[in-house]
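Q: Residue 590 is where the sequence shown starts when you use the working numbering, and the numbers rise one by one after that.
Don't read these hints as lab results, they were simulated from the structure. Incorrect hints may have been included.
As the list claims (entries may be wrong) - Label-pair ranges, simulated between beta-carbon atoms: (1) E843 / K878: 14 to 24 Å; (2) P691 / D658: 27 to 37 Å; (3) F748 / T616: 51 to 61 Å; (4) P800 / I833: 15 to 25 Å; (5) F672 / K870: 38 to 48 Å; (6) P770 / K868: 52 to 62 Å; (7) R597 / S811: 23 to 33 Å; (8) R629 / E765: 40 to 50 Å.
Claimed, not checked - Only pairs whose alpha carbons sit at most 35 Å apart, straight line, appear in this in silico DSBU-like list of lysine-lysine: (9) K745 / K846; (10) K881 / K773; (11) K745 / K697; (12) K801 / K878; (13) K760 / K874; (14) K602 / K686; (15) K881 / K697; (16) K692 / K846; (17) K713 / K760; (18) K881 / K866; (19) K801 / K745; (20) K840 / K878; (21) K847 / K738; (22) K773 / K847; (23) K840 / K686; (24) K697 / K602; (25) K780 / K870; (26) K846 / K870; (27) K870 / K847; (28) K801 / K760; (29) K881 / K686; (30) K760 / K847.
Note that the Cβ used here is the ideal one computed from N, Cα and C, for glycine as well.
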Amino acid sequence: MDSLSINRAICKKCHLCVEVCPNKIYTTDSAGEVLIRADRIGLCFKCGQCMAICSTRSVVVDGLSYDTDFFELPDCIPDQDSFFNLISTRRAIRNFKEIPVPKELLQKVVDAITFAPPGFPPLKTELIVVPDREIIKSALPEMVQLYEKLVAMMGKPFFRYFIRKEVGAQKFWTMETHLVPMLKSRLPGLKAGTEDTLTRNAPAMILFLAPKEGDDIRQDISIAATYGMLAAHSLGLGGSIMDIIPPAINKTPELRKKFCIPDTHEVVTSLIIGYPKYKYKLGIKRNLKSVKWLS
C-alpha cells in the first residue's frame with residue numbers, strides 16, 4: 590500500500606490538500622487536523638496536486654520528492670494577448686528551410702511536451718526524436734511502397750472488406766474519401782523522387798509511441814503533440830502533426846527497425862519540425878461546426 594502522511598509539525602491546517610485532491614483522500618477532524626482516509630489511500634495515483642499546493646511542504650507522498658519531482662512556478666503568467674498571439678500565429682508548416690534543427694531546440698520541445706497533462710499519472714508517452722533529415726529521407730521508399738499497395742488494395746472489394754473490418758467504419762471513410770484520392774495524385778511524384786508529400790522534407794521529426802497493451806493514451810498523446818507544436822512555434826520553428834507517417838512505420842518491419850520501435854509499441858502520431866521556409870501574412874478564420882449554450 591502506498592504511503593501518505595502529513596508532517597503535523599509544520600502543517601498550517603489550510604486544508605488546501607483536502608480541496609485539491611481529485612480522489613478526496615484527505616479529510617479533517619473536529620480540531621482541523623488533516624487526516625488520510627484509509628479507505629481511499631489506494632486511489633492515490635501520485636498526481637502530486639496535494640504536494641504542489643502545500644506552502645509548507647507538509648504533505649508526503651511515497652515515491653515523490655519536493656527536491657526532485659517539483660519546481661518553483663514563475664510569478665508571471667502570460668497575459669491573454671500573449672497567449673492568443675501565440676496560438677493565432679501558429680500555422681501548420683509543410684515547407685521548411687534546408688537547415689538542421691539544433692538539438693538544444695529539439696530538447697526544449699521535448700521539455701515542453703513533459704508539461705502536457707496525462708489522463709492518469711504518471712506520464713506514459715514515449716518519444717523518439719529524429720534530428721537527421723537523412724534518416725527521415727531514407728524511410729521514404731518503404732513508405733511509398735506501403736501506400737502504393739494500400740491504394741491497390743482499396744480498389745479491390747475483397748481487400749476493402751477486410752481493411753474496413755480492421756480499421757473501423759469511421760477511419761475507413763476517411764481513408765476512402767481523403768487518403769486514397771490524395772495518395773493517387775501524390776504517388777507518381779513520390780515514386781519519381783521529385784516531391785516529398787509524406788515527410789515534407791522536414792529536417793527533424795518526433796515520433797510519439799504508446800504500448801500496444803495497457804492504458805489507452807491516444808488522447809494524452811494528442812495533447813502532448815499539441816504542446817510540442819506550440820513549443821516549436823515559440824522557438825521560431827514550425828511543425829505539423831503528420832498522421833500519414835505512423836501507419837507506414839507500424840506496418841513496415843524495416844521502418845520499425847530503422848526508427849527503433851519496440852515490438853511492444855506502436856507509433857500513434859508524428860510531429861515534423863523545421864525552420865519555416867515562408868512567412869504567412871494572414872491568419873485563416875475558421876468557424877466551429879456548432880456551438881450551443883445551455884442555460
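Q: Work down the list of hints and note, for each, if the structure agrees.
A: Here is how each hint holds up against the structure:
| no. | hint | result |
| --- | --- | --- |
| 1 | E843 / K878: 14 to 24 Å | violated (40 Å) |
| 2 | P691 / D658: 27 to 37 Å | holds (28 Å) |
| 3 | F748 / T616: 51 to 61 Å | holds (59 Å) |
| 4 | P800 / I833: 15 to 25 Å | holds (22 Å) |
| 5 | F672 / K870: 38 to 48 Å | violated (22 Å) |
| 6 | P770 / K868: 52 to 62 Å | violated (30 Å) |
| 7 | R597 / S811: 23 to 33 Å | violated (42 Å) |
| 8 | R629 / E765: 40 to 50 Å | holds (49 Å) |
| 9 | K745 / K846 | holds (30 Å) |
| 10 | K881 / K773 | violated (39 Å) |
| 11 | K745 / K697 | violated (46 Å) |
| 12 | K801 / K878 | holds (33 Å) |
| 13 | K760 / K874 | holds (27 Å) |
| 14 | K602 / K686 | violated (57 Å) |
| 15 | K881 / K697 | violated (38 Å) |
| 16 | K692 / K846 | holds (22 Å) |
| 17 | K713 / K760 | holds (25 Å) |
| 18 | K881 / K866 | violated (39 Å) |
| 19 | K801 / K745 | holds (29 Å) |
| 20 | K840 / K878 | holds (34 Å) |
| 21 | K847 / K738 | holds (20 Å) |
| 22 | K773 / K847 | holds (26 Å) |
| 23 | K840 / K686 | holds (30 Å) |
| 24 | K697 / K602 | violated (38 Å) |
| 25 | K780 / K870 | holds (33 Å) |
| 26 | K846 / K870 | violated (41 Å) |
| 27 | K870 / K847 | violated (38 Å) |
| 28 | K801 / K760 | holds (19 Å) |
| 29 | K881 / K686 | violated (43 Å) |
| 30 | K760 / K847 | holds (27 Å) |
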